[in-house]
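Sequence order for the protein chains is A and B.
Residue numbers for the first sequence follow my numbering, beginning at 908 and rising by one.
Residue numbers for the second sequence follow my numbering, beginning at 143 and rising by one.
I should point out that these hints are in silico values taken from the structure, not numbers from a laboratory.
The C-beta atom is built at its ideal place from N, Cα and C for all residues, glycine as well.
Among the hints, a few may not be true.
Under 8 Å between C-beta atoms, here's a sample of chain B residues computed to sit facing chain A [as the list claims (entries may be wrong)]:
(1) Arg298
(2) Val530
(3) Glu692
(4) Arg708
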Amino acid sequence: MRGLSRLGRWAGHAIAMLALAVAPLRAQSLLVPMDDAQRNHLKAYGLAFDAIKTSQRAEWFLNYRGGSFLLPDAAALRRKATLDGVSVTPVTDAQVAAIRAELVAANMDAVVLERVPRIAIYRPVDQPPWDDAVTLALTYAGIEFSSVWDDQVLDGELAKYDWVHLHHEDFTGQFNKLYLAYRDAPWFVAQRQRDEATARKYGHATVPALKKAVADNIRQFVERGGFLFAMCGATESLDLGIAAFAVDMTGPFSDGTPVDPDVDAKLDWARSFAFKGARVEVSPYVNALSDIDGHQVNVPARRQPLGAFSLFDFSAKLDPVAAMLVQNHRSVIPDFYGVTTSFNKAVLKPGVTVLADEQGAPWVKYVHGDYGQGSWTFLGGHDPEDAQHAIGSAPTDLSLHPNSPGYRLILNNVLFPAAKKKPRKT
Amino acid sequence: MCGALLATMAVRAPAQSAPPTSSTPPTAPDVDPMTEALGHEDARRWPQAAAAYRVLLERAMREAEGGDLIALALLGLERVWAEAALRDSVLPVVEAVLRVRPSDPVARSIQFRSLSVASREDDLRRAFEAWRRADPDDASPWREYLRTLIEMGRVRGADSVLLDARRVLGRQADLASEAAQIMTSLERWTEATRAWREAMDAQPWTETAASFALQRVPAMARDSVRAVLRDPPVTVPARRLLSTLELTWGEPRRGWDALAELARDDSTAAAMEAYGTQVEALGAWSVAREVWRTLYASRRDLTTGLRAAQASLAAGDATSALALVDELGRGLPEGERMTRTLSIAVQALGALGRAREASERVERASPLLDDSTRADLAPLLVSAWLRVGDVARAREVAERAGALDDDATLGWIALYEGDLAEARRRLVRTSALASRDRALTDALGMLARTRVERSDALGTAFLALARRDTSDAIERFAALGRSLPDVAPVALALAARLAGTGRTGDVAMRYWGMIATDHATSPEAPEALLELARAHARGGDRVAAIARYETLLLDHAGSALVPQARRELEQLRGQVPPARQLEDACAA
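The following block holds chain A by itself, in its conformation from the complex (with noise of 0.2 Å):
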């Protein structure tokens, strides 16, 4: 056995140096520059996300060269990589080593990927994949997702899934007040129909009572470890549903019973995740949930111009998860317009991490916090690569954007539950 053993140690050295005599040859990994080198950001991180699913290993390199991927050089990936046009650099371990010792010497870090993140996008499961921007960057980046519901949020499917994202759902249960303009619109009109069933089968009276039931639910997805990631509308309306479980806030065009009288102050925001102290637009002619949002887009009156939002720079290595959220190739970035676009600084609750604000103006763009286990995630704006976008617009193909650095930062959303390590607040 000895002497078995001993071959084997031998055999073994010699193999080793066998490898080490042509190492030279190949890389051992695949370095996926994130700055102005890339030509496809986007598949990028569709790429990165199929190394962890296929070899449960990649490394997110924060503020390195534009939050670059590093990856293990195996024939499928480089494969993926050239299908997708996305830029790879084989690297030796040696140069590795190297783009290490800089990390260390600078506001970088190295974050390992190891965990496929379960994501579910909460929209109808029959919808065409064109009228939401997580959906149109999953399904371009390649990334797997499911879609979830009302019922399958009423059903506790949530707990499937570690990171769920929301568009532009009312959660007040109004339709986005889009009733006077759209109320006889083929499409208004089957969502309404819809809904009042999917209240009817869930016991709940009325459509508002249906979302807040909804919304509830999600509150306690991120209550017990969950990711959520919002945008547009449901930013403002989640909360405002949330805060709202025990008023009615609603107008009769929505559930046939008048606005409590003393809404403002019955709102319960410690139970919200962002907002606090917003006060309720109940007018059924003004075409806003609230003061929430900055911007006002559908208020003629109190429509406010769009500019441009600068990320915040963050410690990588004391403040990650910041870090991960803002990882781009720009850091001012044109604004977009959403049925929410902006937050009003004056209602956001302290212990909010802004990660993406408007010098000078009286709102913020993009906010990050932690509420029980989870944490959640704040996006303003309907899609970064289509400005103005309007009921009936052409869908954005984003095979003309491949670079987008608004769509990167939905992207980002999705890869940081698949860090490995408990990230530390700073």
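Once you've looked at the hints, dock chain B against the given chain A.
Below, chain B without anything else, positioned relative to chain A:
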């Protein structure tokens, strides 16, 4: 603040000009203040210029007919104080003038400009109200206020003011230009078009502005613009605007439709002539043909007729071109007929395969032609003979016309005769002059792939192409690999492209398949894979299509076709919206 204080002092002591300094040249007492002010302004002596304009203003205010001088003095003060970074100093002076002349339009416009630059929006509003009170029935205060708001970017505010103006004044035409600008800024295209149309009726010079403003109307809103401009009454400016817009939107045919319905008169004819020239420049020959033929039908003049014939020829309608030049020629003396119409007639006859007739016409006209015209006709006659495949006659014409230095003509003839060395030598020299000639590109591409000096097979294949015998050309190019293996993939690709344009799609796919299989590393392989992938996708074989796209992307990563292939692959996989979805949204 400092500037305003200075200006106030100036108003209180109007006659006190600045004391002369060592840098100020002495002024003769009889020099009029206007000349003096302009002199100082030219010399960039702002304080002295301001003082002189103040003197001018003071004198003008004392005169009963001093309106023009007041305007000149105020405008001068506005200029020099702006240069001296004391722009708001003009306000107290203007206000002093307005106390005496509350409706002075120049003083009011300077006041509005100065207040808007200083972002004093409340004062601006008050100034507007004061002017309105002074001239309750006049549109000028409204117009000036609207323009100021538009320039400040306050388009929504301007929109509200416009509504007030319409309510108060009860008429719109006076403010049509401003309304048009506001609606354009708000992207309310139907109303913007209506307003521009009204503005053009009252102010014809706004047509160019309307054209620039409406060019950016998105595709989905263009039908409303069309409807407004087509509404009765049918007017030349509205239709001319629509035709210009259609051109910029890439719809020359629709542009012509807009003009064709106009009643014929001089201004219509001028609009049509301008349009004909524009579509010619764009190469929209079938539209140009209709424009010039329509004009010729009413004018019956030689110049228009020749343009109609030339456009017909370029549009591929050689029969009409020939009929038209023959008709034109009948009314001309023989000499003029030869010089003006013969060239088009020879081209038309050549295109119709009537080379002998073309040759006879040139022969008959020969005694009347000068050397230059004869030299110009020779290549046309050569083309006519090549069109019927008679290379010998083509060479004879070329040599007789002394075309020994004409590389293009002799290069092609050499190629048809199979003399590849001579063809290569001559055609390369012409490539810089005819870089858009597809046939030349194909020929040079093929000649560059072989070192063989003689090949009858290659010559006859290209000659078949020159004869427009596509079926024969396809077969000859496809078979070329047997005698010239070097050019097999490029010849197969040419055969496939020719087959793909007709009703022989299966044949094309067979050739593309041969390239992908037998010449997988050739430069033509990416194109073959792309065509095959598209054919599979059209036929519903998604798996085979994806496999072809992936082979292209993986094996030919450096090909220029990679972005196109990647995009089509993404569409096939449903990673981006399908093209139809985008079209539907645009059409909605």
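Here is how each hint holds up against the structure:
With 8 Å as the threshold, the beta carbon of Arg298/B comes within range of chain A, its nearest partner Cβ sitting at about 7 Å, so the hint holds. Hint on Val530/B is violated. Least Cβ distance to chain A is approximately 49 Å, over the 8 Å limit. The criterion of a C-beta within 8 Å of any C-beta in chain A is met by Glu692/B, whose closest approach is roughly 6 Å, and the hint holds. Taking 8 Å as the C-beta cut-off, the interface hint given for Arg708/B holds, the closest approach to chain A being about 6 Å.
Of the numbered hints listed earlier, the single one contradicted by the structure is hint 2.
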